[in-house]
Amino acid sequence: MAIQTTFDWLGQSAAGQYLAASTPAFAAVQSLHLLALAVVGGAVIVADFAAARILFREAGPAEIVKGTFPVFVAGLAAASVSGLLLVSAGPTKYLLNPLFWPKLAVLAVAAVIHVALSRVVLRQSGQAAARVLAWLSIVLWLSVAIIGRWVGLI
Amino acid sequence: MRFLRLALYIPALLGGAVAVGAPAIAHHSFAAMYDAKRPIRLEGRLVRVEWTNPHSYFHLEVINKRGEKSVWACEGAGPGALSRRGFNRSDIKIGETLVVDGYLAKNGSRIIDARRITLPGGRVVSGGTPGDGGPS
Amino acid sequence: MMAYFPPNPNVPSVLWAIYDSPVATYIRESENLFPVLQTFHVIGLILMIGTILLLDLSIVGVILQSRSAAEVGRNLLPYTWAGFAVVFASGLILLAAQVGRIYENEFLRAKLVLLVFAAVNVIVFHLGSYRRIAHWGTETAPVSAKTAAWLSIALWSAVVIAGRYIAYY
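Residue numbers (this note's numbering), protein chains in the order written: chain A, 13 to 166; chain B, 6 to 141; chain C, 61 to 229.
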């Protein structure tokens with residue numbers, strides 16, 4: 013199975029082997045993963061609430077969304093890289109974890125919705141669509157955070 | 006200007022704290038680090054149970070080949086994770102003999118990362134998700 | 061990892077009394093309540109640090125330069141405070157449930173010290189340059205404000221990192 017071999021390959025990588033052997037290094041990567049999540053969270057809250065006209069009511073939402081999008085991208089990139097590193101430290105553990113795949117699925121949908129929302133706002137395509145997408149995005153990202161926390165708890 | 010100077014005291018204080026704290030942290034080994042290359046099987050009498058979050062602890066009185074007794078701690082997951090794997094507090098009683106398979110701590114202390122527990126009666130239960138970063 | 065048995069004699073009796081209390085014990089031995097508190101702690105952390113980070117980035121002039129710092133602060137700080145309420149309350153309860161075991165944990169001590177520094181930074185900033193925030197407009201913030209903003213980013217990040225490391229002691 014392609015997924016199995018990809019995970020094996022990740023586990024055999026130099027980074028994977030190093031992180032599997034060094035708990036301090038693993039803890040460091042996990043901390044960065046959490047900080048990246050806070051960065052994404054901040055950008056998502058500001059942009060989505062601006063789109064829903066809850067925050068920054070004096071400003072046009074397009075300006076706020078545009079201004080925070082680089083922060084969203086940077087945070088997501090950092091979270092993805094650190095996440096990949098964490099998985100490479102113990103691929104089997106995550107492969108077998110019943111919450112891992114749901115987390116990735118919700119994450120993918122949340123990212124797509126947030127990007128879609130950003131496009132809707134920047135094109136000033138419509139208030140109603142923006143509000144729906146904004147709340148959907150918030151709920152999805154909240155779910156990513158909660159599922160992500162429980163991956164390590166079950 | 007006054008507040009700028011105040012603000013500058015903070016990095017100085019921070020630098021001082023780091024300078025004092027860093028050697029302490031560097032010197033102390035992570036007690037929770039387990040060695041994937043050093044598996045072990047412990048068999049002993051259960052003398053204490055801590056059915057707690059974030060980790061549970063089963064303390065076994067182990068008798069070595071020379072007849073010397075020592076108490077070892079076996080670290081497992083929290084109560085929720087254990088019960089989801091079919092392991093409940095009522096499954097074990099003080100005084101019973103348990104067999105625990107796990108990994109030794111890197112710093113040599115008498116604690117292991119419990120991966121599998123064989124209960125009296127033969128049922129084998131999981132110790133739960135390994136401590137993050139620990140071997141599976 | 062400190063063993064409960066025998067109890068750590070270095071823990072002050074007041075803290076041990078809290079740790080050993082029926083409520084703290086119930087939380088510590090719970091199947092889901094403790095993990096749920098951990099979840100609230102993370103959610104509160106994301107809300108507080110996510111919003112304060114964006115405010116700090118706008119003060120140092122990295123994002124939202126076209127909006128005044130006063131406007132950004134006015135919009136975001138209520139959410140920062142809401143996040144603080146959640147992370148602080150959940151943190152106190154989680155600490156009460158674990159203090160008997162983690163009292164000498166170096167990363168817990170580092171986290172608490174860093175929290176004090178972060179709080180001092182917040183107080184100094186709010187009593188100082190923040191009071192004149194309305195005057196900055198959309199121009200560059202004064203140096204003292206930017207310093208406080210960079211310190212805020214560094215200190216809160218350090219708090220999060222120290223907090224995560226507690227589990228590895």
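These are calculated hints, taken from the structure and not from any lab test.
Remember, it's a predicted structure, so these values are computed and weren't measured experimentally.
Worth double-checking, as some hints may not be accurate.
Stated by the list, open to error - Cut-off 30 angstroms, straight-line C-alpha distance, at most; resulting in silico cross-link-like pairs (BS3-like, lysine-lysine):
| id | chain 1 | residue 1 | chain 2 | residue 2 |
| --- | --- | --- | --- | --- |
| 1 | B | Lys42 | B | Lys74 |
| 2 | C | Lys206 | A | Lys105 |
| 3 | B | Lys111 | A | Lys105 |
| 4 | B | Lys111 | B | Lys42 |
| 5 | B | Lys70 | B | Lys42 |
| 6 | A | Lys105 | B | Lys42 |
| 7 | B | Lys70 | B | Lys111 |
| 8 | B | Lys70 | B | Lys98 |
| 9 | B | Lys74 | B | Lys98 |
Status of each hint after checking the structure:
With a CA separation close to 25 angstroms, the supplied pair lysine 42(B) and lysine 74(B) stays within the 30 angstroms bound. Note on lysine 206(C) and lysine 105(A): the hinted pairing is violated, with a Cα-Cα distance of about 43 angstroms set against a maximum of 30 angstroms. The straight-line distance between the Cα atoms of lysine 111(B) and lysine 105(A) is roughly 21 angstroms, inside the 30 angstroms bound, and the hint therefore holds. Using a Cα cut-off of 30 angstroms, the hinted pair lysine 111(B) and lysine 42(B) holds, with the two alpha carbons roughly 10 angstroms apart.
For the hint pairing lysine 70(B) with lysine 42(B), the CA-to-CA distance comes to about 23 angstroms; that is within 30 angstroms, so the pair holds. About 17 angstroms separates the Cα atoms of lysine 105(A) and lysine 42(B), which keeps this hinted pair within 30 angstroms; it holds. Under the criterion of a C-alpha separation no larger than 30 angstroms, the hint pairing lysine 70(B) with lysine 111(B) is consistent with the structure, at around 23 angstroms. In summary, the hint linking lysine 70(B) to lysine 98(B) is supported, as the alpha carbons are separated by about 25 angstroms, within the 30 angstroms threshold.
This hinted pair checks out: lysine 74(B) and lysine 98(B) have alpha carbons roughly 20 angstroms apart, not beyond 30 angstroms.
Hint 2 from the list above is the single one not met by this structure.
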